[in-house]
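Using the sequences and the hints given, assemble the complete structure.
Numbering (the numbering used here), first residue to last: 45 to 235.
Keep in mind that the hints were calculated from the coordinates and are not lab data. Using N, Cα and C, we set each Cβ at its ideal position, and we do this for glycine too. Any given hint could turn out to be false.
Restraint-style ranges between C-beta atoms, simulated for each label pair [unchecked claim]:
hint, residue 1, residue 2, range
1, 146, 232, 27 to 35 Å
2, 212, 102, 18 to 26 Å
3, 117, 188, 21 to 29 Å
4, 91, 54, 53 to 61 Å
5, 120, 199, 30 to 38 Å
6, 126, 188, 21 to 29 Å
7, 180, 117, 23 to 31 Å
8, 117, 235, 20 to 28 Å
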Amino acid sequence: MDLSAVQAKPTRRRYITLLMIFITVVICYVDRANLAVASAHIQQEFGISKAEMGYVFSAFAWLYTLCQIPGGWFLDRVGSRLTYFIAILGWSVATLLQGFASGLLSLIGLRAITGIFEAPAFPTNNRLVTSWFPEQERSSAVGFYTSGQFDGLAFLTPLLIWIQELLSWHWVFIITGGIGIIWSLVWMKVY
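So, in structure tokens, the structure goes:
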């Protein structure tokens, strides 16, 4: 549901929307951090040098940066509900598939795809807050959802390390990607 800023009426529903944005941001940032957690094991398994691993890390940023404006354009045409669904589902599938990567090129490709699909996330966050919150509450709402970036990293990175040590680096991606896929369906159902 996209409302124009002029039509926004403060209702309790906006807090549910804000909580959903927060959860999405947590998932988004955990899906970025999982590579840092798994990188040493990935390098060892595939014989990837530090320089090559740098390309894996950079692949996300290359496409994330290039797709910011097209992501905003897409958002303007199809709205927040569908954009967020496609973005969350897309980056989550790419994340899950990283658990099945076969080497350097597949990792670079999947990280790039993750960047493509994460690109419209923050424009969508901003649009949702502008639509749901009156002007005098928007900064607080943005502050709340952006805290999800580091709340997720602070509290979930140890869990990712535990998953890696218990199962393998592959499962770090499979589990976080699977959670994102489920969350994309929750988004479509609830929003």
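The hints, checked one at a time:
1. For residue 146 and residue 232, the Cβ-Cβ distance of about 31 Å falls inside the hinted range of 27 to 35 Å, so the restraint holds.
2. Range check, residue 212 to residue 102: about 24 Å between beta-carbon atoms, so the 18 to 26 Å window is met.
3. Roughly 27 Å separates the CB atoms of residue 117 and residue 188, a value that falls within the hinted 21 to 29 Å.
4. Restraint check, residue 91 to residue 54: a C-beta distance of roughly 56 Å satisfies the suggested window 53 to 61 Å.
5. Range check, residue 120 to residue 199: Cβ separation about 34 Å, and the 30 to 38 Å hint holds.
6. Between residue 126 and residue 188, the C-beta spacing of about 24 Å keeps the proposed range 21 to 29 Å intact.
7. At about 29 Å, the beta-carbon gap between residue 180 and residue 117 stays in the expected band of 23 to 31 Å.
8. For residue 117 paired with residue 235, a C-beta distance near 21 Å keeps the hint of 20 to 28 Å intact.
Of the numbered hints stated above, none is contradicted by the structure.
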